[in-house]
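Please construct the entire structure, taking both the sequences and the accompanying hints into account.
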Amino acid sequence: MAYFIFGFSTMVMFVALAVLLHLQFGVTGIVNFGIAGFWGLGMYSFGVFLVHFGFPYAVSLLLATALTGVLAFALGWVILDMDGQAVLVATLAFATIVMHLVTTEKWLTEGVKGLGTIRYPFDLGRSTEAVFLLIVVVITIAIILYAYKLHSAPYGRLLLAIKDNETLARSLSKPTFHQKLIFFTITSTVMGFLGALNGSINQFLIPRMLGPGVTFTVWIALILGGYRRVLGGLIGAVAAIGLFDLVIETYTPIPAAYAQMVPAIKLMLYGLTLMLVILFRPLGILGDRKRSYLHG
Amino acid sequence: MDNYSGSGTATDQTLPTKKLHLKHVAKSFGGRKVVDIEDLTLGCCGIEGLIGPNGAGKTTLMSIITHGLKSDSGEVFYYPNNCEVEISNMRLDEIARLGIVKTNQIIQDFASLTIRDSLLLSLSTPKYERFYKIFSEGALRKEAEEEIEGYLEYFHFENPEGYALSAGEKKLLDIIRCLLLKPKFLLMDEPMAGLPEDQMRKVMDLMMKKTSEEDLSILIVEHDLDVIWEVCESVHFMAEGKVLFQGSPAEIRDHKTVVEKYLGSSHV
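First to last, the sequence lines map onto chains Z and U. Here the first sequence is numbered in my numbering, starting from 34 and rising by one per residue. Here the second sequence is numbered in my numbering, starting from 51 and rising by one per residue.
Please note: incorrect hints may appear among the correct ones.
Stated by the list, open to error - Here are the simulated lysine-lysine pairs, DSS-like style, with alpha carbons at most 30 Å apart:
1. K196(Z) / K177(U)
2. K196(Z) / K183(U)
3. K120(U) / K192(U)
4. K220(U) / K252(U)
5. K183(U) / K182(Z)
6. K69(U) / K120(U)
7. K68(U) / K260(U)
8. K69(U) / K196(Z)
9. K196(Z) / K234(U)
10. K260(U) / K177(U)
11. K220(U) / K182(Z)
12. K292(U) / K196(Z)
13. K69(U) / K182(Z)
14. K260(U) / K232(U)
15. K234(U) / K260(U)
16. K120(U) / K83(U)
17. K232(U) / K196(Z)
18. K120(U) / K196(Z)
19. K260(U) / K73(U)
20. K260(U) / K182(Z)
21. K292(U) / K83(U)
22. K232(U) / K182(Z)
23. K192(U) / K69(U)
As the list claims (entries may be wrong) - To list a few chain Z residues with every Cβ distance to chain U over 12 Å, as calculated:
24. F37
25. T43
26. L100
27. T150
28. L167
29. A180
30. S185
31. K196
32. F216
33. G244
34. I281
35. M294
36. I298
37. K299
Simulated from the structure, these hints should not be mistaken for laboratory data. These numbers were taken from a predicted model, which means no experiment stands behind them. From the three backbone atoms N, C-alpha and C, an ideal C-beta is built for every residue, glycine too.
Printed below as a string of structure tokens:
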């Protein structure tokens, strides 16, 4: 049961990240390849504040979130005026820097030995993990509802316009850089906040958790599900992580002799699924509202 | 008729009503001077035309005014309500907020916005455009409804909830988006290209109505010269980056150099 809760929490975490990426990329057109950086920065700084400095839980959570926000703002200030490829490389570089700093600054993070134990904010005995999972689910639902509402709000319309044709939006008096910067900072800060919560779910942090794998998994999930749709992230993350990690890797009866092959097979299936989606449903499983509108 | 290639003092008498003043504005692309304006005053009357052969620098000049392009040198001044604002170093969106807006020669559109969404975007103001204002759609629609419906009915859009499909629809949408910003100075870069005859008539009527009723001046670049002769009160003739002559449509039409360089003898 505990393992199921851990796996499910991880999946919910990825759903939330994928919806945030939908907001950044699918709505605003910001190619953020530094998800692991923001998420990991929130997670590790939370761990450092809590374990290394011994701050209270809520204070550590707040400080970690704020720190992620400040760095997201500074990074956004520098890169958001550049084109898509430059933003991709810069955010990826940011995530790599975070991972390397976490590895090398042993006095603060314990390096590869790992940082722990990160406790839960409350102790409810055996139901602690389940209640915490519930909190994460509620936060994720809130993010999904926000994204939904944003799609039918003037602000969402502005962000879509920025993605489609930024110069035209600016010629219509919209301060596009300013708006992108604010939105990028907020969504990246929420990624950091989720990372901090993930610290509790994992209990023990190692630098490897901040590798590009997190970023790629979120991107694959979003592309798989459909990057232009709010539920694309949900469906993609459930399919990519739920199906592969939980069902196939954990609950499918596989003879012990073949068990070692499972991770490799999983990656291959990942790749195959992604190829099939890009070939036959380039806009993901859910596709695009615009197209279905035009033909239906 | 004022000869602009001569001294720059000839424009001083029109000072009280001008909207824009360009001084020593120059722009080169790869060593070729595309725009080289000594002194130019715009917005002295309702609708002004800017004509000239291809490559004369008309579009570049317009882009420099709205700061879609940065000029190499020179200053641009704007005179809203009789005060002077230098706009040469402002950003495109700042200039648009001051009331100087340009419609596009090459079709520009937002692929994921429907016709109505596109108009709502234009009419929406910063007070609606905050990340936490996710419940303000109703208020915006209510505020915008009358104005948007007016335009949609005037131009007879078949399906405002759909996407602009034809070039003509996109071009019209571009013009309406600009008008919804309630500009003081509107630059129109070949607005008639791609428009059907009846819609052209409507745009021309609207231009004349708006400039006579509101505090709006229009500068129009158009190759369909019948449009220029009909709507413009004053015409600037541009060639090789310089504004060579300015005058009433009749004066420009009969000017010897203009006829030789641009119109051809069939127009006389």
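Hints versus structure:
no. : hint              : verdict
1   : K196(Z) / K177(U) : holds (21 Å)
2   : K196(Z) / K183(U) : holds (19 Å)
3   : K120(U) / K192(U) : violated (38 Å)
4   : K220(U) / K252(U) : holds (15 Å)
5   : K183(U) / K182(Z) : holds (10 Å)
6   : K69(U) / K120(U)  : holds (20 Å)
7   : K68(U) / K260(U)  : holds (18 Å)
8   : K69(U) / K196(Z)  : violated (33 Å)
9   : K196(Z) / K234(U) : holds (28 Å)
10  : K260(U) / K177(U) : holds (27 Å)
11  : K220(U) / K182(Z) : holds (28 Å)
12  : K292(U) / K196(Z) : violated (37 Å)
13  : K69(U) / K182(Z)  : violated (42 Å)
14  : K260(U) / K232(U) : holds (10 Å)
15  : K234(U) / K260(U) : holds (10 Å)
16  : K120(U) / K83(U)  : holds (14 Å)
17  : K232(U) / K196(Z) : holds (24 Å)
18  : K120(U) / K196(Z) : holds (23 Å)
19  : K260(U) / K73(U)  : holds (28 Å)
20  : K260(U) / K182(Z) : violated (37 Å)
21  : K292(U) / K83(U)  : holds (10 Å)
22  : K232(U) / K182(Z) : holds (29 Å)
23  : K192(U) / K69(U)  : violated (33 Å)
24  : F37               : holds (34 Å)
25  : T43               : holds (28 Å)
26  : L100              : holds (20 Å)
27  : T150              : holds (36 Å)
28  : L167              : holds (24 Å)
29  : A180              : violated (9 Å)
30  : S185              : violated (6 Å)
31  : K196              : violated (7 Å)
32  : F216              : violated (6 Å)
33  : G244              : holds (30 Å)
34  : I281              : holds (36 Å)
35  : M294              : holds (43 Å)
36  : I298              : holds (38 Å)
37  : K299              : holds (35 Å)
Hint violations for this structure: numbers 3, 8, 12, 13, 20, 23, 29, 30, 31, 32, all remaining hints satisfied.
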